[in-house]
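The listed protein sequences correspond, in order, to chains B and W. Letter 227 of the first sequence, counting from 1, is numbered 227 in the numbering used here, and no numbers are missing. Letter 215 of the second sequence, counting from 1, is numbered 1215 in the numbering used here, and no numbers are missing.
What the hints contain is simulated information worked out from the structure, not anything from laboratory work. These numbers come from a predicted model, not from an experiment. A hint or two may mislead.
Unchecked claim - Stretch by stretch, here's where chain B covers chain W in the computed footprint (C-beta under 8 Å, at least three residues):
no. : segment
1   : 1015 to 1025
2   : 1292 to 1302
Unchecked claim - Footprint (simulated), chain W over chain B, 3 or more residues, beta carbon under 8 Å:
no. : segment
3   : 20 to 28
4   : 229 to 238
Idealized CB from N, CA, C, for every residue including glycine.
Protein chains: 2
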Amino acid sequence: MTIGIVGGGQLGRMLALAGYPLGLDFLFLDPSREAPAGRVAPVVHGEFTDPEILKWLSRECQVLTFDWENVSVEALRKHARGARRARICPPVTALAVGQDRAAEKRLFERLGIPTTRWRAVGSRPALERALREIGVPGVLKTRRMGYDGKGQMRIRTRDDAQRAWETLGRVPLLYEEWVPYECEVSIIGARSTRGETAVYPLNGNVHADGILQVTRAPFGPARWHRMATQYLSRCLEHFHYTGVLAIEFFVRNGRLLANEMAPRVHNSGHWTLEGCATSQFENHLRAILGLPLGSTRPVGHSAMVNLIGRIPARERLLALEGLHLHDYGKQPRPGRKLGHCTLVESSPGRRDRLARTLLELVAPHVRLP
Amino acid sequence: MTIGIVGGGQLGRMLALAGYPLGLDFLFLDPSREAPAGRVAPVVHGEFTDPEILKWLSRECQVLTFDWENVSVEALRKHARGARRARICPPVTALAVGQDRAAEKRLFERLGIPTTRWRAVGSRPALERALREIGVPGVLKTRRMGYDGKGQMRIRTRDDAQRAWETLGRVPLLYEEWVPYECEVSIIGARSTRGETAVYPLNGNVHADGILQVTRAPFGPARWHRMATQYLSRCLEHFHYTGVLAIEFFVRNGRLLANEMAPRVHNSGHWTLEGCATSQFENHLRAILGLPLGSTRPVGHSAMVNLIGRIPARERLLALEGLHLHDYGKQPRPGRKLGHCTLVESSPGRRDRLARTLLELVAPHVRLP
């Protein structure tokens, strides 16, 4: 059976590596000749919006899924009307919501999932109104195509607002309150085409310069995990979701405030490759194929550290006992996610000590709370 | 960096899947258009004995290694004389010994590793002499190309001897005593180009019809593990070995009798993919690249069950909690190894119960002692 994957980045690459042992084959669509998935599977080169290529891919594969959620929903909706086409997982409605921060916020509110206060901003007067109603500090964000801290600016003063409008104001925006959160967490789970669900332990995430740097799991009190699971389950059921879904939260005074969702495998779940009985990648594939979901039981206390901009010499990394290296085979570039490392230890204390040693090597500016 | 692998079977496929996260690329040589590695990496199609293809592969890659030990040692020796050629790991001398049961026996004796009594058999009179000196029951085996019980016949009577000679007598043979062993075990370890070594816990192996059916690990008393490790270490040092080496033993009255060695990753080590901190596949690659070896610490009590001749429906296998499936993507054929499953549990009792449930599904004729 061949799975079509739109987007040949590291997420797609890790999906393929998790799927080969299940006896699956893969075919990727990616515009880049250097897509990381291209080292491990065949890639068709073309634009994500090209309806002809999507049609072709769909005829070659049994299921279409995504490594990158910013695909053309319009093209996919047209595609879905054709006969004898691959099933699309996750559902296009979930992709559409995941592409638009305003749609996400509305969904969270509709499902009773706490989130930050916000306003859609389509004009300069609308920004003025939002600033009055929400106050400062706040964050102005593009509604679409934002990731790793891109497309957003913090606003503390009227001057900040002016600069942010000049920088971002050409596309639809959203203004939301800045929450002085205590930490960031994320929850990841899968729902299969048969309606079975499985949720992973809660992730504690540390960002630097807007990019995820460290994830630790299992993280936080059981109450946080229960709340997050409940919120995730509402989203999974709402969409009749198929595949893996992630939601990120700010934690503030013991409450979880939903920040955003990702309708795909998620960077904060990479530790599940070694840290859980079944990885998020394998469970995404099991879910979209209607196979029984695998256990999400953690096998220890895990830390995932992203390798950003550069990868230190392999021998230095691998000399750390128990370290698992994932090099995505990408050309180094400042701020680019090139790989990650996972540590699985018998206690949170041991895990944190080793993670700090690793951080000194790969990101000495990052402090682990 | 590109690793050349001679032989594109399931062992090569699993080497590539373990090596991609390390940032490595692979290039295989295999005569078959349906080689399992061909689904996950590029394969050059040609004969293992073709010196021109070996030369080309060697120029394309930094290191040459093997998924199949029965390659032409002569061709490799010639190759090694050329300039700017890939390093060959493991050493050709180890491959040469691993191809010839008589050379293996001589090595074991020379290194003080207990083995069964044996005689080389090159003629009918030599067989008569061997039968007189060793007695019956015994086993007549081809010196070369034997695996999975192929190329060997049990001898209890003069009639058996006559039939065995007629069937096997066209090639050099070896006659050895039949040992009424209590169980079979194997030890697997790696030695890196820097001389670092790492040894995995002892494996307990159950065969059916001459083919490995189940491996459980860690297995047996610590004393067995110590003996096996000592014997393995002698072989590793003898060859200045690089990569993973396996030795199989019969256990009889608390003694280990070496049966054969395999200069490569080994079927009885497949459980290390999920059951150890670092798999035999990753450690083979680390070893041949001179990288620090990864921890061989077991993460629980593992069982590996081979899928031979047929693979039951994926949904039935994956419904067993915690089961890891490895489907090699091969066409089903009676007696063919098509895949394996691994179970990792918190106690030997739980592991054995689950393994028995799995065996009912995949090989109901096999009894787990």
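Here is what the structure says about each hint:
1. 1015 to 1025: holds (count 6)
2. 1292 to 1302: holds (count 6)
3. 20 to 28: holds (count 5)
4. 229 to 238: Since three or more residues must qualify, the claim that chain W covers the segment 229 to 238 of chain B is violated, with 0 doing so at under 8 Å.
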